[in-house]
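Go ahead and model the full structure; you've got the sequences and the hints to work with.
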Amino acid sequence: MKHTELGRVGEEKGRNYLLENGYRILNTNFRTRFGEIDVVAALQDTIIFIEIKTRKSLQYGLPREAVNFHKQVQYSKLALYYLQKYNLLEEKARFDVLEIYAESTGFIINHIQDAFGFQGGRYFF
52 MKHTELGRVG EEKGRNYLLE NGYRILNTNF RTRFGEIDVV AALQDTIIFI
102 EIKTRKSLQY GLPREAVNFH KQVQYSKLAL YYLQKYNLLE EKARFDVLEI
152 YAESTGFIIN HIQDAFGFQG GRYFF
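Count the sequence shown with this note's numbering and you get residues 52 to 176, in order.
Please keep in mind that the hints were generated in silico from the structure rather than gathered at the bench.
Computed from a predicted structure; not experimentally measured.
One thing to keep in mind: the hints can contain errors.
[Claimed, not checked] Restraint ranges, calculated between C-beta atoms of paired labels, are given here:
id : residue 1 : residue 2 : range
1  : Asn161    : Phe120    : 19 to 29 Å
2  : Asn138    : Lys107    : 23 to 33 Å
3  : Tyr68     : Ala117    : 15 to 25 Å
4  : Asn119    : Asn80     : 17 to 27 Å
5  : Lys122    : Glu142    : 17 to 27 Å
6  : Leu57     : Arg84     : 37 to 47 Å
7  : Glu141    : Thr55     : 36 to 46 Å
8  : Asn138    : Ile159    : 20 to 30 Å
9  : Ile76     : Asn138    : 12 to 22 Å
10 : Thr55     : Lys143    : 27 to 37 Å
11 : Lys122    : Glu56     : 20 to 30 Å
12 : Lys143    : Glu87     : 16 to 26 Å
13 : Thr55     : Asn138    : 15 to 25 Å
[Claimed, not checked] Distance condition first, Cα-Cα at most 25 Å in a straight line; then the derived SDA-like pairs of lysine to any residue:
id : residue 1 : residue 2
14 : Lys107    : Glu62
15 : Lys136    : Phe158
16 : Lys136    : His121
17 : Lys143    : Gln164
18 : Lys143    : Gly86
19 : Lys107    : Leu70
20 : Lys64     : Phe158
21 : Lys64     : Arg115
22 : Lys122    : Asn161
23 : Lys143    : Tyr74
24 : Lys64     : Ala144
Positions of the beta carbon are idealized from the N, C-alpha and C atoms, including for glycine.
Spelled out as structure tokens, the structure:
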């Protein structure tokens, strides 16, 4: 399976996992000039910005390690833009990471809730 297809399948598995666990999907692949949020979901009274990382080996490290400080700052900008655009700045929000491992027997999902906080200060658009 090619890298892009693995990512696409991983995102699909991740969305299904979220739905099965009571999350409401608000947006997928939300794109701005700052980048893309894989999934924006809601659970109870919280907006959750979710990065999905899929790997078939640990050769390049754990999937969560790809969500480094730079990526966290980028995601913070994206999240603030999203919250402002949809007039949700007063809502609770968090960042989750879904690590998805593709194994010969299927997919294993590790859901890291509240993986990091807003980084890089406040951004206004």
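Going through the hints against the structure:
1. Asn161 x Phe120: 19 to 29 Å: holds, 20 Å
2. Asn138 x Lys107: 23 to 33 Å: violated, 40 Å
3. Tyr68 x Ala117: 15 to 25 Å: holds, 19 Å
4. Asn119 x Asn80: 17 to 27 Å: Once the Cβ atoms are compared, 21 Å apart, the range 17 to 27 Å for asparagine 80 and asparagine 119 holds.
5. Lys122 x Glu142: 17 to 27 Å: About 22 Å separates the Cβ atoms of lysine 122 and glutamate 142, which means 17 to 27 Å holds.
6. Leu57 x Arg84: 37 to 47 Å: violated, 27 Å
7. Glu141 x Thr55: 36 to 46 Å: holds, 37 Å
8. Asn138 x Ile159: 20 to 30 Å: violated, 38 Å
9. Ile76 x Asn138: 12 to 22 Å: holds, 19 Å
10. Thr55 x Lys143: 27 to 37 Å: holds, 34 Å
11. Lys122 x Glu56: 20 to 30 Å: Given range 20 to 30 Å: holds, Cβ gap about 22 Å.
12. Lys143 x Glu87: 16 to 26 Å: For glutamate 87 against lysine 143, whose Cβ atoms are near 22 Å apart, the range 16 to 26 Å holds.
13. Thr55 x Asn138: 15 to 25 Å: violated, 34 Å
14. Lys107 x Glu62: At roughly 14 Å apart (the allowed maximum being 25 Å), glutamate 62 and lysine 107 satisfy the hint.
15. Lys136 x Phe158: Measuring from Cα to Cα gives roughly 34 Å; hence the hint is violated.
16. Lys136 x His121: holds, 23 Å
17. Lys143 x Gln164: With a Cα-Cα distance of about 14 Å, the restraint between lysine 143 and glutamine 164 holds, given a limit of 25 Å.
18. Lys143 x Gly86: Distance of about 22 Å is within 25 Å: holds.
19. Lys107 x Leu70: holds, 23 Å
20. Lys64 x Phe158: At roughly 8 Å apart (the allowed maximum being 25 Å), phenylalanine 158 and lysine 64 satisfy the hint.
21. Lys64 x Arg115: At roughly 17 Å apart (the allowed maximum being 25 Å), arginine 115 and lysine 64 satisfy the hint.
22. Lys122 x Asn161: holds, 19 Å
23. Lys143 x Tyr74: holds, 15 Å
24. Lys64 x Ala144: holds, 23 Å
Violated hints, listed in ascending order, are 2, 6, 8, 13 and 15; each of the other numbered hints is respected by the structure.
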